[in-house]
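Participant: Residue numbers (my numbering), protein chains in the order written: chain A, 159 to 271; chain B, 66 to 180.
If you're looking for bench data, these hints aren't it; they were derived computationally from the structure. Remember, predicted model here, so these are calculated numbers, not experimental data. Among these hints, one or two may not hold up.
[Said to hold, decoys possible] No more than 25 angstroms apart at the CA atoms, straight line, and that leaves these computed lysine to any residue pairs for SDA-like: (1) Lys266/A / Ser67/B; (2) Lys163/A / Gly149/B; (3) Lys122/B / Asn185/A; (4) Lys266/A / Thr168/B; (5) Lys163/A / Asn116/B; (6) Lys122/B / Met253/A; (7) Lys163/A / Asp167/B; (8) Lys212/A / Glu200/A; (9) Lys214/A / Pro271/A; (10) Lys212/A / Thr168/B; (11) Lys74/B / Ala199/A; (12) Lys74/B / Ser243/A; (13) Lys212/A / Thr161/B; (14) Lys214/A / Thr168/B; (15) Lys229/A / Thr166/B; (16) Lys122/B / Gln160/A; (17) Lys266/A / Thr85/B; (18) Lys122/B / Gln161/A; (19) Lys226/A / Thr184/A; (20) Lys122/B / Arg83/B; (21) Lys74/B / Thr203/A; (22) Lys214/A / Asp167/B; (23) Lys270/A / Lys229/A; (24) Lys122/B / Thr161/B; (25) Lys74/B / Glu200/A; (26) Lys122/B / Ala152/B; (27) Lys229/A / Gln109/B; (28) Lys74/B / Thr85/B; (29) Lys226/A / Ile211/A; (30) Lys214/A / Asp254/A; (31) Lys212/A / Gln172/A; (32) Lys229/A / Asp217/A; (33) Lys266/A / Pro173/B.
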Amino acid sequence: DQQVKQNSPSLSVQEGRISILNCDYTNSMFDYFLWYKKYPAEGPTFLISISSIKDKNEDGRFTVFLNKSAKHLSLHIVPSQPGDSAVYFCAASEMDSNYQLIWGAGTKLIIKP
Amino acid sequence: DSGVTQTPKHLITATGQRVTLRCSPRSGDLSVYWYQQSLDQGLQFLIHYYNGEERAKGNILERFSAQQFPDLHSELNLSSLELGDSALYFCASSVTGGLGTDTQYFGPGTRLTVL
Chain A
159 DQQVKQNSPS
169 LSVQEGRISI
179 LNCDYTNSMF
189 DYFLWYKKYP
199 AEGPTFLISI
209 SSIKDKNEDG
219 RFTVFLNKSA
229 KHLSLHIVPS
239 QPGDSAVYFC
249 AASEMDSNYQ
259 LIWGAGTKLI
269 IKP
Chain B
66 DSGVTQTPKH
76 LITATGQRVT
86 LRCSPRSGDL
96 SVYWYQQSLD
106 QGLQFLIHYY
116 NGEERAKGNI
126 LERFSAQQFP
136 DLHSELNLSS
146 LELGDSALYF
156 CASSVTGGLG
166 TDTQYFGPGT
176 RLTVL
């Protein structure tokens, strides 16, 4: 039972354009969401997070949007840069489970020059 | 560099064997988390230790065990290994015990191959 789904295994975007990565979840009790980025041969690196009391959080070129009614969140990267090429993982957690992270399978983002 | 170290980087062993993976958290972090990532899958949470005590268990097999020592480093022991245990094993650390939403910092992982 996949509680967090990233339905696109890969995404290719032109440098300078907007990258939009999507994530869906099934557990309405999730109240905290995170995006991590992972380069080959390295561990995941925290990118940005959002609490369920918000619908948007922005950090530089990265913005996460949360649509609770649709149980959907997305990560926008504007403008996309070659260094953004990586695998992006969406993760979710809830206070009742001590914020144990449930992870999506990841989306490989490729930025084309 | 996240400040979390994991050894060894690669491990190749045979079915039925036992291995130990080691993790040193960032300086000052009290929590250690272990994750397993099989091919093209998301990370599966295995277990969480906080200041030497087990805090939460996820999808950890009975053949696997872990502990966190007084110096806060942690070891993940995998025994009676099977082919399906081949995966990347990540360790992460965080400042607190997960009561808040503190960031987890990941090590580079140990790639385990069971032949």
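Participant: Is Lys122/B within 25 angstroms of Met253/A, Cα to Cα?
Facilitator: Holds: Lys122/B and Met253/A sit about 15 angstroms apart, inside 25 angstroms.
Participant: Are Lys214/A and Thr168/B close enough, with their CA atoms no more than 25 angstroms apart?
Facilitator: holds (19 angstroms)
Participant: Straight-line Cα separation of Lys266/A and Pro173/B no greater than 25 angstroms?
Facilitator: With a Cα-Cα distance of about 18 angstroms, the restraint between Lys266/A and Pro173/B holds, given a limit of 25 angstroms.
Participant: Verify the proposed pairing of Lys122/B with Gln160/A, using a straight-line Cα cut of 25 angstroms.
Facilitator: holds (18 angstroms)
Participant: Hint check: Lys214/A vs Asp254/A, CA-CA at most 25 angstroms. Holds or violated?
Facilitator: holds (23 angstroms)
Participant: Hey, Lys212/A versus Thr161/B, does the alpha-carbon distance stay inside 25 angstroms?
Facilitator: At roughly 23 angstroms apart (the allowed maximum being 25 angstroms), Thr161/B and Lys212/A satisfy the hint.
Participant: Run the distance test for Lys122/B versus Gln161/A: straight-line Cα separation, threshold 25 angstroms.
Facilitator: holds (17 angstroms)
Participant: Given the proposed pairing of Lys163/A with Asp167/B, does the C-alpha separation stay at or below 25 angstroms?
Facilitator: holds (23 angstroms)
Participant: What's the verdict on Lys122/B and Ala152/B, does the C-alpha distance respect the 25 angstroms limit or exceed it?
Facilitator: At roughly 19 angstroms apart (the allowed maximum being 25 angstroms), Ala152/B and Lys122/B satisfy the hint.
Participant: Need the status of pair Lys212/A, Thr168/B: alpha-carbon distance at most 25 angstroms?
Facilitator: Distance of about 18 angstroms is within 25 angstroms: holds.
Participant: Can the restraint linking Lys226/A and Thr184/A be considered satisfied, given a maximum Cα separation of 25 angstroms?
Facilitator: holds (10 angstroms)
Participant: Please verify whether Lys163/A and Asn116/B have alpha carbons no more than 25 angstroms apart.
Facilitator: violated (32 angstroms)
In terms of the numbered hints stated before, the structure departs from hints 5, 8, 9, 17, 23, 31, listed from lowest to highest.
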